[in-house]
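Trainee: Each chain, letter by letter, is given below.
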Amino acid sequence: MTVLPRTAARTDRERTTRAAWLIGLGILLLVLPKLIYPVLALDILAWGLFAVAFDLLFGFSGLLSFGHAAFWGSSAYATAYLLSNGQSVPVAMLGGTLVALTLALPVAYLSVRSAGIYFSMITLAFAQMLSFLALQWTDVTGGENGLQGFARPSFLGLDFSNSTTRYYFCLAVFAVGFYIAYRTVRSPFGQAQQAVRDNEQRAQSIGYNPVRFKFTAFLISATLAGLAGSMYSFGHGVVSLEVVNWRTSGEVVMMTLLGGTTTLFGPVIGAGLVLLLRDVLTTANLPVGIVTGLVFVLVVLFFRRGVVGTVQHWLRKK
Amino acid sequence: MTLQYFLIQVFNGLVNGAFYALLSLGLAVIFGMLRIVNFAHGALYMLGAFTAFALGQLFGLGFWPSLIIAPLLVGLIGMIIERGLLSRLYGLEPSYNLLLTFGLTLLTQDLVKQVMLSRFAVSSAPYTPPAELSGVVNLGFTMFPKYRLFVIVLALLVCLITWFVIEKTRVGAIIRASTENPTVTRAFGIDVSKWVTGVFAVGVGLAGLAGVLAAPIYSVEPYMGAELIITTFAVVVIGGMGSILGSVVTGFAVGVLAAIGSALYPPIANTLVFILMAVVLLIRPSGLFGLPEGAR
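Protein chains in written order, with our numbering: chain U, 16 to 333; chain B, -10 to 285.
It is worth saying that the hints were derived from the structure and are not from the lab.
Treat the hints loosely; a few may be bogus.
[What the hints assert, rightly or not] Computed spacing ranges between beta-carbons, pair by pair: (1) U/GLY39 <-> B/ARG165: 33 to 43 Å; (2) U/GLU29 <-> B/SER76: 22 to 32 Å; (3) B/ARG273 <-> U/ARG30: 40 to 50 Å; (4) B/VAL111 <-> U/GLY158: 25 to 35 Å; (5) B/SER182 <-> U/THR180: 36 to 46 Å; (6) B/SER76 <-> U/LEU309: 44 to 54 Å; (7) U/LEU313 <-> B/VAL111: 46 to 56 Å; (8) B/PHE48 <-> U/LYS332: 17 to 27 Å; (9) B/LEU146 <-> U/VAL253: 45 to 55 Å.
[Said to hold, decoys possible] Where chain U lies over chain B, by a calculated footprint (3+ residues, C-beta under 8 Å): (10) 2 to 11; (11) 70 to 79; (12) 152 to 163; (13) 170 to 183; (14) 244 to 255; (15) 266 to 272.
Glycine included, C-beta positions come from ideal geometry on N, C-alpha and C.
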């Protein structure tokens, strides 16, 4: 990432662009359940936050986690488990998120000392461990069958059997998650995090501890991924082994890349595009894997800036 | 556990280990030389098995010709992937190679699934070993399937040859020079990019070979490489990424340990390798046979 000169005009324009993106995305998300069916809209919110969480680590710390399904999936299972044991919706979602955070502690400790491709391999292996656990621990996860038909008790007069109500409740949760990500990136911590990413030696020589920054960034990212996972589980009403599969870890990478890394808005838009594409393909009975695989390859080869990144680049040049 | 039962587990473990070793050897050759993490390795392994199956169905080719032809075809596909796609990403972060090959994996798996369903009307197909290799051998402590013993021996042989070529011959020296210092190597009149393509093709060909060998044991299906490749990645991390010796030794060792472990406590079978990886990482972050990251 290039460092822009901090002239007043430039900062002003950046601020305006950012506000425009924020308002645009806000309006889009508010009317989304009117445009597509609410459960799909809810999936976009959950995957969107998941991709934002992933981007906090990949885009802003330069760490390609290939095992983020572990946090998304563990939270999804925990949320479903708590709901089926009579807990209220906020308790279940918070509980799920906490499970993801707890799981992230040892994984982060062991993985952030490694860089580059080693980091990817290690996170992938931990996610795989969890995936085997999910398969085997049938009392809690339902094994091959997964968990379904769990209760979603009303909360503060909100009737969660209605999918539109669920959507707007999740939109509020999403807003909180997105705000946390946004504040993290704009904070001194976020700035230091990017300094570590761009030049680890230099960051270290001015007194930052790279490992500690990566560790904290990992925890924030995993926790938000957990929040997203709990939203998915609550919204969908079904949790299966798919949530801890390595394909899921890859899918969130694709969404982030397609939308644009380090843009925060990008991952949400990327998630929307991937899910809509998948919905169209499934409805038309076309091979999903072939098309998404092809899109993935093309994005990596020719479109690494992603949708939002390309638009921003184009605006900056103008 | 009696000694006899223990030995049977060891031999069963060596069969699985043979596949881990062949796959992680290919990954090590490719990573050590090219710094590419080839996620598509599992899909190319599957493609080896599928090619053997398709050659049999379409041209009536048996196991022996397929054992030669299928790895060559997979190697050729590897060449096309390296020249056409991966070479465009050199100079960027290595993560992009991982992502590109991940996309290729999704693509290949579903492509083969479609072909199997539409052309052969099956979603998975058994593949029989050749007549010479069917039946059992008396190992003294048990009757062991002849074909499985063949897999162990052949895999060991291939690993040994690959190690010898890379460590002891002039060809190996050129390959190592091309990857360690391409500019100087080029100055000696060596076409580095051709060697890179060749190395990638050979690494991928090893995966293809493993696929043909696996077809009679695990039967042919589009996702047969999906779980295996993840375990192989763990093997690679344990052995030390890019270490030829490490990948072979760890491959066989993990196979045997997992077999013994699952005999003692069955639920642990698939997880043992990842637990092992976590332990190794705590003690030696660069893997058992790997050099520390800075020393490279």
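Trainee: Take the hints in turn and mark each one as holding or not.
Mentor: Here is what the structure says about each hint:
1. U/GLY39 <-> B/ARG165: 33 to 43 Å: Since U/GLY39 and B/ARG165 have Cβ atoms about 53 Å apart, the given range 33 to 43 Å is violated.
2. U/GLU29 <-> B/SER76: 22 to 32 Å: Roughly 36 Å apart at Cβ, these two residues miss the hinted range, so it is violated.
3. B/ARG273 <-> U/ARG30: 40 to 50 Å: Taking Cβ atoms as reference, B/ARG273 and U/ARG30 lie about 49 Å apart, which means the hint holds.
4. B/VAL111 <-> U/GLY158: 25 to 35 Å: 27 Å Cβ-Cβ, so the 25 to 35 Å window holds.
5. B/SER182 <-> U/THR180: 36 to 46 Å: For B/SER182 and U/THR180 the Cβ distance comes to about 59 Å; the hint is violated.
6. B/SER76 <-> U/LEU309: 44 to 54 Å: This hint is violated: roughly 19 Å between Cβ atoms.
7. U/LEU313 <-> B/VAL111: 46 to 56 Å: 31 Å, violated
8. B/PHE48 <-> U/LYS332: 17 to 27 Å: 56 Å, violated
9. B/LEU146 <-> U/VAL253: 45 to 55 Å: Since the Cβ atoms of B/LEU146 and U/VAL253 sit about 49 Å apart, the hinted range of 45 to 55 Å holds.
10. 2 to 11: Since 0 is below three, the answer is violated.
11. 70 to 79: holds (count 3)
12. 152 to 163: Violated, because only 0 residues of the region 152 to 163 of chain B bring their Cβ atoms closer than 8 Å to Cβ atoms of chain U.
13. 170 to 183: Since three or more residues must qualify, the claim that chain U covers the region 170 to 183 of chain B is violated, with 0 doing so at under 8 Å.
14. 244 to 255: violated (count 0)
15. 266 to 272: Satisfied; 4 residues make the cut.
Violated hints for the displayed structure, listed by number in ascending order: 1, 2, 5, 6, 7, 8, 10, 12, 13 and 14.
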